[in-house]
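Asker: Residue numbers (my numbering), protein chains in the order written: chain W, 1 to 498; chain X, 1 to 420.
Incorrect hints may appear among the rest.
Said to hold, decoys possible - Examples of chain W residues lying across from chain X (beta carbon under 7 Å, computed): (1) 21; (2) 67; (3) 70; (4) 73; (5) 315; (6) 390; (7) 396; (8) 397; (9) 402; (10) 405; (11) 419; (12) 431; (13) 461.
Hints listed in this document are in silico derivations from the structure and should not be mistaken for laboratory results. Note that CB positions come from ideal geometry on N, CA and C, so glycine has one too.
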Amino acid sequence: MNKKILSDTSEWTFELVERYNREIARVAAGFKLDTYPLQVEVITSEQMMDAYSSVGMPLGYSHWSFGKQFLATEQRYRRGYMGLAYEIVINSNPCIAYLMEENTMMMQALVIAHAGYGHNSFFKNNYLFTTWTSADAIIDYLLFAKNYVAECEERYGIQAVEAILDSCHAIMNYGVDRYKRPPKLSIQKEIARQKERETYMQSQLNELWRTIPHKEEVSEQTGDRYPTEPQENLLYFIEKNAPLLEPWQRELVRIVRKVAQYFYPQRQTQVMNEGWATFWHYTILNQMYDEGLLSDGFMIEFLQSHTNVVAQPTFDSKFYSGINPYALGFAMMSDIKRMCQEPTAEDHKWFPDIAGSDWLQALDFAMRNFKDESFIAQYLSPKIIRDFKLFGVLDDDRRNELEIAVIHNDEGYQAIRQNLSDQYNIGNNEPNIQVYNIDRRGDRSLTLRHVQFNRRPLADSVPEVLKHVARLWGFKVKLETVKDDGSVELTSQVEPQK
Amino acid sequence: MAQIIDRRLNGKNKSAVNRQRFLKRYSEQIRKSVSDAIAGRSITDIEQGESVSIPAKDISEPTFRHGTGGKRQTIYSGNKEFTPGDKIPRPSGQAGGKGGKASNSGEGMDDFVFQLSKEEFLEFFFEDLALPNLVKTKLATIQDFKTVRAGHSPNGVPTNIHIVQSMRGALARRIALRGPYHKKITDLEKELAGLSLIPEADEEHKEKIRAEIKSLRAKAARIPFIDPFDLRYYNRIAQPKPTTQAVMFCLMDISGSMDQNKKDIAKRFFILLYLFLKRTYEKIDIVFISHHTIAKEVTEDEFFYSRETGGTVVSSALRLMDDIMKEKYASSDWNIYAAQASDGDNWNDDSPICRNLLTENIMPYLQYFAYIEITTENPQNLWREYLKVKDDCANFAMQRIETVGDIYPVFRELFKKQLV
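Same shape as in the complex, but just chain W (with noise of 0.2 Å):
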């Protein structure tokens, strides 16, 4: 028996933990990663259903709709549908990763390598994440709104807070900024300066909707549009704006949006994150392996759990769900590193910059500078598209057949990076809707417009969400739809419940 080997049983105690992460953070360190410090913490299947159901965050305020997650979490893992993840990461500074009790060392290790060192170093490295969220705040934030709401909740009902919320989530989505950089809020400013804002929003509301009665007959002509440029971000223009929300309502609508927008780099960067995760914990415990510190049994429990993770169906599979972004981030992201060692001809023509040169710099880079979208537009490489077998297929509602656009072939390869880069963008996958106008001398209603993309039509939960959306505004909301063509068409309107 080699005396290097760390553990021969599939047993974990907190000191092989340690003497595992001692080995990971060196081989990491090795592959000059970049992270904030780790805390891992060792929980129960029953907190790990927990943490899933708060959608990850440590620290969630209460609502019934984690209550919902919570149940359906619990039920398919009782029935075994599936297993817990191995892995709930939060971006925070220090990064926290949880471990489950019921995990083998093997498990706990791959976990320390994939979420504590692969995701931790994306978090801390990833423009995305470095511009759209506060690692240092997150967790004080967190704290404060969770206090917030069960303050707010005490003084004026469950309901009235939960009917708030529910509002706020249904448009929760369309919640965040796209290109202004939020300010770090340390904990105290943020108490400070919400007590400021309640003072100065109502005031300002008032200004807003005085209506003056001499200026009247200019009204009509006039025909300056409020706000005069279209906004995207529907909560910040309901909290700056909405007339009959009181302070605390805004407040929470602003709790919202905060989490909205702290989320909303990891949508938009799931395939590179996992792919990045996945290629670490790889080449971590592979490295591990090489140096003879980990058996051969633990290489080949690792090696099946890591082939589950990677596995990419087939379109015409049961177990088919669309592309596995793990597969295809681990994918790329080896191909990255295959490249710069190996180049073949191909490589050359495709990738001139990359193709031969340092692997860790090339792959260090990509992971720094990208987000799906563009990450798929710039390395999605044709061998990547034969492996997987990619191909296109064009769905077009006034024709009666589907048609196989492109495939994985010489003419295709550029279509098919094109049309999967396309379909990772978010501005694409989700209905574009944005506030136009508001009647600001009439019934003070608010209109929101979608521009349909490709003749896209919006689902049928539209009254519903409109409801909410009138909930918040106070006053009478209207969707207008933009065709393809520039025509505009009022689809929808309600009116707010009394």
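Fit chain X to the given chain W structure using the hints.
Answerer: Only chain X this time, still in chain W's reference frame:
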């Protein structure tokens, strides 16, 4: 360097609040589910959680999404035989292509199914029966425990400190820790004594030894008189209260006039009695006796779901019960309870016989007999005869009920007695 923290001892029910909110929000639907479940369950396993299913559309959280239609091009993996330009028929069901967006929520249009815990299930069950809170708590408390002393433990609250044991430990520790110092001091003193006999001894060396003795003494003196380590506490563990066994007789008329609805009401009644007994007794036997003109001992399934035609002779059931009691449940070992459900019909001449059987043979051995008459019509002779029994025996309760909500009064007496 990474920190490793054991969080397992932190509360696991962080989601409990959210879970309760969810249940409250959809209590309507859940209550219906629970009520269905009770109808389909056996009495003895009433105390379990339950899978509850709610239509997913009732609880969905709406968001702006793309519907089906329009033009879209989607990338799939695993091409086998397609070449560009191939036309394939649109798969039915989902117009917008396979997989992908339509089922993004992961739930699709199926029902939302989840598990109610035992406590939650009973909560809904009791709500349906309109039980007062006091009774609810009585029924819902799990087993009673008695705390008994069990040695000593190093952890506990200050009030439980075992002083003698703690001091004993402290003494032992002091002796153990001082030992080495004392030994050294004795050795050094010996050496010093030896040196003082030799006149040319080096004064400096002696001084050194004296200093060392002094420092050792000081060290020994610094050993604390008592240390948190010494503390011992009384250890108490919970032991289940000793309980005895009971048998519960369920008697029911299954003649044609008892329809399924009445039987369901009867079932609730039996369940309630069973739950009550479950609190008090560890082991409970249930005997089901169904009767029309003749009585027989049956399984639970037959009891609730078989139907016979013909007349009704209640005494047949009482006679059979008496026989079974004598044969199997000699009353010194068993607490006997009986519950009878009927619609009040009985052969006229039979009712006085019933009364005799009860007062003479059965009631003396019984803890409690509860009779419910599920009917809206006027009382018949069985009711009148039973009224007489009630006058004679304190442990006899009877009640006429129309809906499940009326069941509770029957139990009031029983609970009153138990609570004193």
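Asker: Hint by hint, note whether the structure agrees.
Answerer: Evaluated hints:
Look at residue 21 of chain W: its Cβ gets to within about 5 Å of chain X, closer than 7 Å, so that hint holds up. Evaluation of the residue 67 of chain W hint against chain X yields a held restraint, the C-beta minimum of about 3 Å falling below 7 Å. For the restraint placing residue 70 of chain W at the interface with chain X, the shortest Cβ-Cβ distance is roughly 4 Å, inside the 7 Å limit, so the hint holds. Taken as an interface hint, residue 73 of chain W does not check out: its beta carbon lies about 9 Å from the nearest beta carbon of chain X, beyond 7 Å.
With a cut of 7 Å, the hint placing residue 315 of chain W at the interface with chain X holds, because the nearest CB-to-CB distance is about 4 Å. For residue 390 of chain W, the interface hint holds, since its Cβ comes within 7 Å of a Cβ in chain X; the closest pair sits about 5 Å apart. With a cut of 7 Å, the hint placing residue 396 of chain W at the interface with chain X holds, because the nearest CB-to-CB distance is about 4 Å. At a threshold of 7 Å, the smallest CB-CB gap from residue 397 of chain W to chain X is about 5 Å, leaving the interface hint in force.
Among the interface hints, the one on residue 402 of chain W holds; its C-beta lies about 5 Å from the nearest C-beta in chain X, closer than the 7 Å criterion. Here the hint on residue 405 of chain W is kept, as its CB sits about 6 Å from the closest CB of chain X, short of 7 Å. This hint holds: residue 419 of chain W has a C-beta 5 Å from the nearest C-beta of chain X, less than the 7 Å allowed. Because the closest C-beta pair between residue 431 of chain W and chain X is about 5 Å apart, less than 7 Å, the hint holds.
Because the closest C-beta pair between residue 461 of chain W and chain X is about 4 Å apart, less than 7 Å, the hint holds.
Consistency note: the structure conflicts with earlier hint 4 alone.
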